[in-house]
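Residues per chain, in single letters:
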Amino acid sequence: MSFIEVNNLSKAYRISKRKSGIPGMVANLIAPKYERKEAVRDISFSIEKGEMVGFVGPNGAGKSTTIKMLSGILYPDSGSIKVGEFVPYKQRKKYVGNIGVVFGQKSQLQWDLPVEDSFELLKAIYSIPDDVYRKNVDRFTEMLDMSGFINQPVRQLSLGQRMRADIASSLLHSPEIVFFDEPTIGVDVVGKEAIRKFIRELNREDKVTMIFTTHDMQDIEKTCNRLVVINDGTLIYDGELNGIRSLNGEARLLDVFFSEDTAVAPIKNVQIIDIDNRHRQFVFDGQKVMINDLMSELLKKYNVKDINIAEPDIESIIRKIYNREKVLA
Amino acid sequence: MNDTLHLMTVYSKTTARAWFQYRVDAVLRSLAVFARESTGIIVIYFTLLKFNSLNGWNIYELLFLYSLIFLTYGIMIIFFTGLRDFGNMVREGSFDRFVLRPRGILFQIIFVNSDWFAAIGHGGLGITLFLISAGKVGVHWNIYNALYYLFAVIGGVLIQGAVFLFIATLNIYLIETGSIKELLYWNVRKFAGYPISIFNKGVQFLMIYIMPYAFVNYFPAQFLLRKEDMSQYPEIYLYLTPIVGVGMYLLAYAFWLYSLKYYKSSGN
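Quick note, the sequences are listed as chains A and B, same order. Oh and the first sequence: position 84 is 84 in the working numbering, straight run, nothing missing. Just add 1000 to the spot in the second sequence (first one is 1) and you have the working numbering.
Note that these hints are calculated values from the structure, not bench results. For every residue, glycine included, the Cβ atom is placed at its ideal position computed from N, Cα and C. One or more hints might be untrue.
[To be verified] Label pairs and their computed distance ranges (CB to CB):
(1) A:15 x B:1178: 18 to 24 Å
(2) B:1234 x A:82: 52 to 58 Å
(3) B:1185 x A:158: 40 to 46 Å
(4) A:139 x B:1178: 43 to 49 Å
(5) B:1022 x A:129: 33 to 39 Å
(6) B:1005 x A:78: 37 to 43 Å
Assemble the whole structure, with the sequences as input and the hints as a guide.
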């Protein structure tokens, strides 16, 4: 029995189908038409204590709906969720005391008050014992470098500072699971790095289970060891972060610049991408095409100025998977 | 229990601190509410100087009738500011945050924000009107009448709270309910400044059985003043305010609980 068990989870929304224009508006008012949208279809997975799992998928893929069901905000239509001893959507009050949720787009801090006042309020809401509270505030203040702004009103903070304070505020009650919904959105590179470092440390030291949703693949690559890809409501990949590379075969990419306008003849087993007349990319499976053979062929036939070998980044692999059907690992 | 009380204190402190970030605005806000609501009364006052009485009610009796509206609203808004602003919470999605905290959802909405300045504006006007009129309307303020008054105020607070809760709950289904509130609550409230006996049957029906403002101020005032126009209504109505209040509130609360399940299963 894993810490988090999700079995055959499904959820559909009823969305009103709006027609445009004034006649459409009147028609909607009198006889609204609804459409069923299956946001999540038959998803199953399990997560062990202390794991860090990244959920990725395009907008509207169903990741937020999945996370909302896991955190107890939404009821599933069918299927089951068990987290530790709790069923999130049934035992809300007991369950949510054990989880923390960070929404990158929605702050839970009091806009007009110093950060520390928001912390005090959360201490009362979660009934955090004095010693635990003090210990956590001191520790997070140091780890997230918040001492410079903890007494400033939230409205005066930069986005990066606010995000750090928001993350700390979701962790004050020492939750067992933390959900991060786009925790680095809009934060600059340095800020992102600080947040990722903090998350890694916290996971290592406290064995907190962490679940991410993000559009920034860097977030996942730098924190998670497991990746779940959701597209169109279904789970299309669940496994190690590195595993997704081999899923695509040993994908390789040659980036070639020619010294003059060059037309390239088709090559067997190689996909050629035209960037412009002097710049082309050759994508192939390293097990089917030997890189040396391909390179020497290119050098022999054409006037090559520069050549780079690259491994496609995870982002482009995932984009490829989105466009393909189910490939379970 | 102790824990809950502690949380309530922290909530109020947080609210107060946030308000006092803008001190001048805070004071002006109370004044603005007070002034805005007073103008309606001043109009009545000068009208009455010409007519002497309205269906047998003299100016002090009318002010007494009016005072109950403001007093009950002032108390109600301390508790139900969160419900007044509930539409915004649902639209912005901050409602999800309440679901994610280990406390009662309605409890959080009630205590997360209290508009003390609206409360002082309305309640202050209610108390002012009461002080002006209470000695001049011939009510003998013995313990019996004082207790009646207390229960009538509690009932009036609950009636308006129930309406706020009901309209807030509609937000879960409709997202935007501003015009329903305007139509049902604020318009009817304008009638409530006068004895309901001066209106036609339709308006009277509305104010007794649909949006029962009559139980917030007319019937309680009648219990104490015993004006002649009471003869057209059942005597028992004089005693029903607390029951109507508790009944309506429980109904609204049941509707709220039912709708929360709907929110959870329908999402956005």
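Against the structure, the hints:
| no. | hint | verdict |
| --- | --- | --- |
| 1 | A:15 x B:1178: 18 to 24 Å | holds, 23 Å |
| 2 | B:1234 x A:82: 52 to 58 Å | holds, 57 Å |
| 3 | B:1185 x A:158: 40 to 46 Å | holds, 42 Å |
| 4 | A:139 x B:1178: 43 to 49 Å | holds, 45 Å |
| 5 | B:1022 x A:129: 33 to 39 Å | holds, 34 Å |
| 6 | B:1005 x A:78: 37 to 43 Å | holds, 42 Å |
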